[in-house]
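Each protein sequence line maps, in turn, to chains U and H. If you count the first sequence from 1, you need to add 116 to reach this note's numbering. Under this note's numbering, the residue at position 156 of the second sequence is numbered 142, and the numbers go up by one with no gaps.
Since the hints were made in silico from the structure, they are not lab data. Any given hint could be a false lead.
Have a look at the derived ranges for each label pair, beta carbon to beta carbon [unchecked claim]:
(1) V(-3)(H) to E316(U): 56 to 62 Å
(2) G366(U) to E89(H): 54 to 60 Å
(3) R388(U) to D222(H): 45 to 51 Å
(4) S250(H) to R341(U): 44 to 50 Å
(5) D239(U) to H114(H): 47 to 53 Å
(6) A148(H) to E167(U): 46 to 52 Å
(7) D147(U) to A145(H): 52 to 58 Å
(8) R388(U) to S108(H): 56 to 62 Å
(9) G366(U) to S108(H): 55 to 61 Å
Here a beta-carbon is modelled for each residue, glycine too, at the ideal position from N, C-alpha and C.
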Amino acid sequence: MNTRLVCPNDAALIGRLARRALCVRVTAPQDIAAAAALARRHNSLVCVICETASLEDIEVSGDWQGIPIALAVARTGPFRRLAAKLKGLRALNLRVYLPCTTDALVGARLLASVGVPVCVTLDPAAAMDWEALADLMTYALLNIARHAPIEPFQTMADGWRPAERGEDWGRALFDDPERYLHVAASGAVALSARELAAGEFVGDVCELDSPRLKQRVDERKERWRELFLENHFCARCPSWRLCRGRFSAGKTEPDGCAEFFGEAAEIIERARAKSARSPTWQA
Amino acid sequence: MANILLTNKCVRACPYCFAGQEMAQASAFLSWENVVYLADFLLASAHSRVSLLGGEPTLHPQFTDILVYLLERGFTVTVFTSGIMSKTALTELAAHVAALPPERLNFVCNLNNPAQTDTLKSETHKLHDFLAALGPRTMPAFNIYRSDFDIGFIFELVARFAMKKRLRLGIAHPIPGAANEAITVADIGAVIERLCSFRAAFEQSRVRPSFDCGFPLCRITDAELGWLVRLTGRADFKCTPAIDITPDMQVYCCFPLSSLNRRSIYDFDSFNAVVAYYRSLQERIRGDIAGIYAECGACVHRAERTCAGGGVCQLVNRLTNENPARLRTIENEHQACLPQ
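Using the sequences and the accompanying hints, generate a full structural model.
Okay, structure coming up:
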């Protein structure tokens, strides 16, 4: 399996993962540079994932140059406190991850509009403001002015195949077991960050290339079939092709997700039509 | 230039207020989503200058954030304010704009003479605090709503707080259907005469008067005009559409015309289309009434566009009072000009 491993910044663990592609998790921004250096010693670094409270409190460091960074924050903070950091943020290979709270969605739009790439974390376990999310997606794909990419909408649009199975946009959120496996400090492997946090493991790092682990990943990728067997409402939902039941857990009826993904498909189609109307000039 | 109304709330109650009808609506504040939309809309239309108005724009809870955001997007910003704000808001604002080059951000402070307009002492203190912090970035402005107006106090403020030496003068126009105190067409001559009586103060303080729309060239004598041109280098008697965008994304041309052909900003593809729409409305109105005086129709200065023949709001006011049916027809005819 050519999977990327999302793992903690643990020297012993990283030592066991030689020659793997790693996304290293840190909780303090000041650990980013050291984590990248450690990972690059014997591995290929995909990115450093830093989880911290607020973007406004982060001191952008010159040591971060050349390090792909996924900066997951709970909030952006007031714009006046961000303004001084923007030049530094734009100069980096960095994407800011934000939750789907109303304030964070506004923050995502603001950051993108001033050139900072962002991603909003569509979390099935969290309450969603679907309308605000659709509004942000419209901004992301159909806006009148240039702005930085807003994920996962860009990945959603790139992978959308109306008549066939599209690519899993969860990869923009490190939530696609074909692309990302999540590793605990102990070496235990989970198929998602949520399962890692819940201690639901499917194996160990020593099994990374084993057929057994590959089978677990394949089963997960095909788990959507169960929704059809259960006659779950998701299986009858017109928006199925875009969400593939990602928000089905614990639901007995749609809560706005169906409407959102229906609108999302329309937005993608409109963005494609717009792009087709203004093709790049060629000699 | 686009005037973005951050809120319809104001802490003052100026007797001449021409935004009174807007202020009477329920509280509204421009949302962040709409701030971003407007910034994109204006930049995509190649407009990089913007004015922030209200109500009192500094009452918006995120005023400093919005201002900093627009500056970050590359706009040159003018803030129209009463200068009355809390100490916290002022400290925060001053700290964030201190390092900006003066050409990127300036304020226009609307001043009332406390001796002629009811003003709370606390408001005067707050105004002075504002001017102490941001005086050099601030142009004084004064709305004339009575013919015995006194602007002497402004020269003192300009000197004391090192304000910009240009005084923006506006005539308070009557708002159709509203009870604001205003200057009638008949009073304009007296207003200009009164203004010129401050000639010595202007010259001594080196403050240059600058006219907002509505001043007719013909009511200024050649001697007064000579003085004005010598002092200011130019004198304008024009009236061009000022596009106001409300917190709920409605758009209209100038406060006094806020009920005329009001549209949603989303009806337009670009800001240039908005300007063209309202410029054409103004032309339509001026096609019916040449100017505020009977002689405007045959006036060479109006024909040559040296003078607009008064503000279009004055013409609309006349139509409202004398021929409301005709005004409705103009409005309806213009409706069809909306870009599809």
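Hint check results:
Distance hint check for V(-3)(H) and E316(U): the Cβ-Cβ separation is about 57 Å, which falls inside the suggested range of 56 to 62 Å. A hinted range of 54 to 60 Å holds for the C-beta pair G366(U) and E89(H), which are about 57 Å apart. For the hinted restraint 45 to 51 Å between R388(U) and D222(H), the CB-CB distance of approximately 49 Å keeps it satisfied. Checked against the hint of 44 to 50 Å, the pair S250(H) and R341(U) passes, with Cβ atoms roughly 47 Å apart.
The supplied range of 47 to 53 Å is met by D239(U) and H114(H), whose beta-carbon atoms lie about 51 Å from each other. The beta-carbon spacing between A148(H) and E167(U), approximately 49 Å, falls within the hinted interval of 46 to 52 Å. One distance hint, 52 to 58 Å for the beta-carbon pair D147(U) and A145(H), holds here, with the actual separation near 56 Å. One distance hint, 56 to 62 Å for the beta-carbon pair R388(U) and S108(H), holds here, with the actual separation near 59 Å.
For the pair G366(U) and S108(H), the beta carbons lie near 56 Å from each other, so the given range of 55 to 61 Å is met.
This entry satisfies every hint, going by the numbered hints stated previously.
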